[in-house]
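Engineer: Under the UniProt record's numbering, the first residue of the sequence shown carries the number 1, and numbering increases by one thereafter.
These aren't lab readings, by the way, just hints derived from the structure by calculation. Among these hints, one or two may not hold up.
[Said to hold, decoys possible] Simulated crosslink set (EDC-like; lysine to aspartate or glutamate; CA at most 16 angstroms straight-line):
| id | residue 1 | residue 2 |
| --- | --- | --- |
| 1 | 176 | 339 |
| 2 | 227 | 207 |
| 3 | 203 | 185 |
| 4 | 290 | 245 |
| 5 | 178 | 245 |
| 6 | 228 | 259 |
| 7 | 62 | 99 |
| 8 | 104 | 137 |
| 9 | 111 | 34 |
| 10 | 176 | 325 |
| 11 | 267 | 182 |
| 12 | 111 | 137 |
| 13 | 361 | 26 |
| 14 | 176 | 208 |
| 15 | 265 | 243 |
| 16 | 265 | 289 |
| 17 | 111 | 35 |
| 18 | 104 | 132 |
| 19 | 176 | 333 |
| 20 | 111 | 33 |
| 21 | 188 | 137 |
| 22 | 39 | 114 |
| 23 | 188 | 141 |
| 24 | 317 | 151 |
| 25 | 288 | 258 |
| 26 | 282 | 259 |
| 27 | 267 | 289 |
| 28 | 111 | 141 |
| 29 | 176 | 245 |
| 30 | 39 | 99 |
| 31 | 104 | 34 |
| 32 | 282 | 258 |
| 33 | 290 | 258 |
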Amino acid sequence: MTSEIIDTKDLKNDPVFGQLSFDNHEQIVFCNDEDTGLKAIIGIHNTTLGPALGGTRMWQYKSEWEALNDVLRLSRGMTYKSAITGLNLGGGKAVIIGDAKTQKNDALMRKFGEFVNSLSGKYITAEDVGMETRDMDIIREVTPHVTGVSESIGGSGNPSPVTAYGVYMGMKAAAKYKFGTENLDGKKVLVQGVGHVGETLVKHITDEGAQVILNDINEARLEELSKKYGANVVLGNDIFGLDVDIYAPCALGATINDESIAQLKAKVIAGAANNQLANELKHGTMLKDKGIAYAPDFLINAGGIINVYAEVVGYDKAESLKRTENIYNTTLEIFNLSEKENITTHQAAFNIAQTRIDARKKEQNS
Numbered sequence: 001m002t003s004e005i006i007d008t009k010d011l012k013n014d015p016v017f018g019q020l021s022f023d024n025h026e027q028i029v030f031c032n033d034e035d036t037g038l039k040a041i042i043g044i045h046n047t048t049l050g051p052a053l054g055g056t057r058m059w060q061y062k063s064e065w066e067a068l069n070d071v072l073r074l075s076r077g078m079t080y081k082s083a084i085t086g087l088n089l090g091g092g093k094a095v096i097i098g099d100a101k102t103q104k105n106d107a108l109m110r111k112f113g114e115f116v117n118s119l120s121g122k123y124i125t126a127e128d129v130g131m132e133t134r135d136m137d138i139i140r141e142v143t144p145h146v147t148g149v150s151e152s153i154g155g156s157g158n159p160s161p162v163t164a165y166g167v168y169m170g171m172k173a174a175a176k177y178k179f180g181t182e183n184l185d186g187k188k189v190l191v192q193g194v195g196h197v198g199e200t201l202v203k204h205i206t207d208e209g210a211q212v213i214l215n216d217i218n219e220a221r222l223e224e225l226s227k228k229y230g231a232n233v234v235l236g237n238d239i240f241g242l243d244v245d246i247y248a249p250c251a252l253g254a255t256i257n258d259e260s261i262a263q264l265k266a267k268v269i270a271g272a273a274n275n276q277l278a279n280e281l282k283h284g285t286m287l288k289d290k291g292i293a294y295a296p297d298f299l300i301n302a303g304g305i306i307n308v309y310a311e312v313v314g315y316d317k318a319e320s321l322k323r324t325e326n327i328y329n330t331t332l333e334i335f336n337l338s339e340k341e342n343i344t345t346h347q348a349a350f351n352i353a354q355t356r357i358d359a360r361k362k363e364q365n366s
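Make a model of the complete structure from these sequences and hints.
Structural biologist: Structure follows, in C-alpha cells:
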C-alpha cells in the first residue's frame, strides 16, 4: 500500500499504471454506454481474501482523471477495511460520473448493473455517496452481485446506520485512549458532513451528552439537524481551528492535510469519511507528532461492509451489530500497537490487515 497519492493534474501523463494510487490493482473496468449516458469506472484492487465488495459512488467529478483517482483510492481502501475486520472479502469500488440528483435514473442503474454482472462475481457492488437502497434494488434486477438491497426482498437494507454505529464505537475507543474514559458526555465534537451516516452518528453522540457542532455544504440540512438535535452550526471551510475535543470527518476525504493539521485543536480524529489522510505517511506522522489520536478510517467506518457482508454469508442483523461493536476493541488494539512499536495508527492498522492478506496468499501458493 503506497503512502502517497499523485495529484490529479499529473494523471494525464500516466493515467492508470503510472499513478501511485494504482497500487497494483488487479483490474480496472471503464464502463460507457451512449444510450443511457453512463460513464463509470470499477476498480478491483485485490481479491486474495475473496470477491471484491465495495459501494458505488455517483458524483459530479471535475474531470475523468479525478474520478479515476477516487475509485482507485477507494477500492484499495476496501481491501484493508475487509482484511482488518476479518471478512473474507477483497477490495473494490465503483464510481459513476454524474449528478445523482439530476442524472440518475432506472435505465442508468440497470446498465451499470449489466457491467457489474459481466464480471461474474469478481466485484460485488453496494451503496455509497449519491446512491440509495432503491438503486441497489434496481441493479438487483439484472445481477445477483449486489448487496444492500431492501430487507423486503431479502437484503440487509441501508448500511448507513451500522456504519455510523461502528464510527461511534471507534470514537468511544479513541476517547478512552486519549482522555481515559469512553464517556462522551460534555465532549465537544465537530461533525463535518451530515448525510445518512453523519446524522446517525450525531444522534448517538447527542444521546450520550456530547456538545455537537455541525458543518456541511448544505445549509438547509444544517438548519434542520440543528433544530432536531440541538446542535450548533458552523458554516464554511474555516473549521479546523475550532476549540473542540473530537473532529469527526464524515464527508469526502483528504481533509487531514498540511493546512488542517496546523490548525487542529482537536485531540481525537474519528469519522466516517474514506481516505481522510491526504498523504498517509506524512500526515499520519504529523498527527502522531502533534499528539492527536487518529482512529484509522478504514477500520472504524467498516460497519457498512460488515452489514452487507451478511447478505454474502447469511448472518442476521444481531450478528452484524455484534461484529460492528467489536470495532471498539480493535481500535484500542491499534492505539496500543502504535504506541508499543512507535508507529502511526494508520501504519499499525495497515500492518495487521496486510499480515492477514499475506498469510492467505501464502496458503494459496503452498
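Engineer: For a C-alpha distance cap of 16 angstroms, please report whether residue 104 and residue 132 respect it.
Structural biologist: holds (11 angstroms)
Engineer: Starting from residue 267, check that the Cα of residue 182 is at most 16 angstroms away, please.
Structural biologist: OK: residue 267 and residue 182 at ~14 angstroms, within 16 angstroms.
Engineer: Regarding the pair residue 203 and residue 185, is the alpha-carbon distance no greater than 16 angstroms?
Structural biologist: holds (13 angstroms)
Engineer: Just to be careful, I want the Cα atoms of residue 188 and residue 141 compared with a cutoff of 16 angstroms; is the pair within it?
Structural biologist: violated (45 angstroms)
Engineer: Quickly compare the C-alpha distance for residue 111 and residue 35 to 16 angstroms and report which way the hint goes.
Structural biologist: Given pair residue 111, residue 35 holds - Cα atoms ~10 angstroms apart, limit 16 angstroms.
Engineer: Does residue 178 pair with residue 245 here, judged by a C-alpha cut-off of 16 angstroms?
Structural biologist: Satisfied, since the Cα-Cα distance of roughly 10 angstroms is no more than 16 angstroms.
Engineer: Is residue 176 within 16 angstroms of residue 325, Cα to Cα?
Structural biologist: holds (15 angstroms)
Engineer: Regarding the pair residue 282 and residue 258, is the alpha-carbon distance no greater than 16 angstroms?
Structural biologist: holds (9 angstroms)
Engineer: Keeping to a limit of 16 angstroms between CA atoms, is the pair of residue 176 and residue 339 held or broken?
Structural biologist: holds (15 angstroms)
Engineer: Is residue 111 close enough to residue 33, meaning Cα to Cα at most 16 angstroms?
Structural biologist: It holds: about 8 angstroms lies between the C-alpha atoms, which stays within 16 angstroms.
Engineer: Straight-line Cα separation of residue 282 and residue 259 no greater than 16 angstroms?
Structural biologist: holds (13 angstroms)
Engineer: What's the verdict on residue 188 and residue 137, does the C-alpha distance respect the 16 angstroms limit or exceed it?
Structural biologist: Outside the cut-off at roughly 39 angstroms; violated.
Going down the numbered hints, you'll see the structure goes against 6, 21 and 23, while the others check out.
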